[in-house]
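Chains as they are written, first to last, in my numbering: chain X, 1 to 406; chain P, 1 to 406.
Hints may be right or wrong, so weigh each one.
[As the list claims (entries may be wrong)] Some chain P residues close to chain X (C-beta under 10 angstroms, calculated; not the full set):
#1 Leu15
#2 Arg219
#3 Lys223
#4 Val281
In case anyone wonders, no lab produced these hints; they're calculated from the structure.
Every residue gets a Cβ at the ideal spot worked out from N, C-alpha and C, and that includes glycine.
Protein chains: 2
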Amino acid sequence: MSARIELITTGTELLLGFTLNTHLNYIAQKLATIGLRLDRHTTVGDDPAELRAAIAEALARCRVLLATGGLGPTADDCTREVVAELLGRPLARDETIADAIRERFRRRGIAMPESVLRQALVPAGAQALPNPHGTAPGLAIEHENKLIVLLPGPPRELKPMFEQYVLPVLEQNFAPADRPVCRVFKVVGLAESVVEERIGAAPGVELGFCARMGEVEVRILGKNLAEAERKIRAALGPHIFGEGDDRLEEVVVKQLAAAGKTVAVAESCTGGLIAHRLTNVSGASRVFLAGYVTYSNESKVELLGVRPETLARHGAVSEEVCRAMAEACRRRSGADFALATTGIAGPTGGTPEKPVGLVYIGLATPTRTEVQRHLLLFDRETFKFFASQYALDALRRELLKSHRPA
Amino acid sequence: MSARIELITTGTELLLGFTLNTHLNYIAQKLATIGLRLDRHTTVGDDPAELRAAIAEALARCRVLLATGGLGPTADDCTREVVAELLGRPLARDETIADAIRERFRRRGIAMPESVLRQALVPAGAQALPNPHGTAPGLAIEHENKLIVLLPGPPRELKPMFEQYVLPVLEQNFAPADRPVCRVFKVVGLAESVVEERIGAAPGVELGFCARMGEVEVRILGKNLAEAERKIRAALGPHIFGEGDDRLEEVVVKQLAAAGKTVAVAESCTGGLIAHRLTNVSGASRVFLAGYVTYSNESKVELLGVRPETLARHGAVSEEVCRAMAEACRRRSGADFALATTGIAGPTGGTPEKPVGLVYIGLATPTRTEVQRHLLLFDRETFKFFASQYALDALRRELLKSHRPA
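I would like the entire structure built from these sequences, with the hints used as guidance.
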């Protein structure tokens, strides 16, 4: 059982939605690197009574309390005062800190308002943590077998302070000797519930699932992950496209580069998204030749040479047109592979035979063309993303088969 | 004194730092539109005991409790069960919800694991909130003069549900009568500091600025905004492209539709992003004809007929090639307007004469072609977005001039 750790972030701007709170994300990631995790995170505004209550409640539960924000010079900054009062430790000015603040203003050539020196107040027995990127120092206080660490709110001040002063102390005192490892597998083409069902139990590790747009993350956390990894790989096979932060488009660009092959795309309903995703990957220019965004029927005829009779007979959203688009795209661009999409993104344009959400996804290879049909019941942008995901995954699987790494 | 409102977000992935928690930001912004604000926000992992404690503590303090996440089908989803147990309200399957879930799987043609039907369990007396974007419904429970609302975790499921079912109820029951009004103006083509300088002071309102990717938001909050609005509009003029949630691509599609005009795009460095953004707008098919993603030199020649001599003499990233792309795109597609981009997204591929970040943006109209040159010193994806923003804005300003609404 590791020490319980809580985080309190303060700032009325967070509760008003003007500022996205990224401290939780940052601190959690840093703690994970030393095998620790947060047990709870609380956000309160710049209100002394609310902050006092939140700190008192957290201290009643935890061994380590990290708090961010409210150390600045303005009237709404109250964390220092609230903590000093709550712990019964009077504040006194630390002249070393005061000198550092004065020096900072002097070097910048700015007149220093006297209020700024509030930031040199330190609760009795607290250790000040230097802040080379701002005026407010951090504060670390040992109190009745609790460690309380107060950190400045601005990320560019908080981050170096956290890494230089806080993380080493936490590692030395609280990191488990035999710390757990975490891995994340990225899965495409299976619903979250199906992923869980296929994996079943994974003894000895903590198993977590997170459904993202068009993919599922499977997270395992434990001391020894080998057995769980073997089980997950056996259960999901080629549905696993990567790990950690891998993106499907990156995987595909790498596969193409490794195989020395190229791709082009013909997009109707995805409207350029597949090309956009591929060209987000640095180095895409070596493998991506061209994209045809053939949104109108006329452009399918003009840009790709789809026959007007095919469009008239089967409609633009059809297996036949998708096949023709993929094959023409491959032929005209000179690429080794071509992807094509045609579908009804909605919210308008559906019919009983061809409802909103219907999409055909084509893959043309040097030897054959395959077309998948899906019904993607999502809003317009999610529809486009899912369709792009299925298309990229079709190419990934083809490359897995035909160009296995040696 | 308005009703106390708290938010609990759940998910071990949040406390492990795998997922950035954006729910607080979103919900706070929506509450602000009806004059309400959150008093506290708590994040806990997928641990039933911890979640139970956090919910019990919040209920002891607040009038309205909003909770997100933990309604899914997997074993780590426990919010529904924890709340039912805590409130002493047994869970029973709602067959209407179960049928909707079965229907969703049936329509998509996917086998449904039995576990998915956990999501049809409803605590006694709770109201289910329909989820058209996923399987887990939301739940609203009135309990001992508290309102408890449980919402799904995925943002694309949470947001429409919150706006359709939760916000109206909160507005009707808890919004203050004499509420301040908030308006947000969206500005393109000016840096945040320039926007602030141009506006100057705005007496009687609270003024806020937020720099977003490729645009700046100016926020005014107060009882009477007329004078401040007049001042802001005079200071920023046509740099204001919209308000609130307006997106530049929506504005452009609306302008084109109103003018009965069409557009096509020829994208090199933006790689399909402009086409993607335009086709994100419902109804884009009436105004967007085609996109040419001419990433390679060969494709610029093949798809657009750019002359190999022009490419050889000036290079692909040049005013001349950009102009040729825009004009060919307009001619070949038959559109009234064409946009073209060519540049160096990086991080590799720059030279002393043509550094990473250099981009040319072309607009071809029925009467002339104009080409802008910019140096966008950003990472690859931000570069692409800024370039797409400048291109769309060039078309917006052209349409402002030539097709003023009557």
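*Which numbered conditions among the earlier hints are violated in the structure presented, ordered from lowest to highest?*
3
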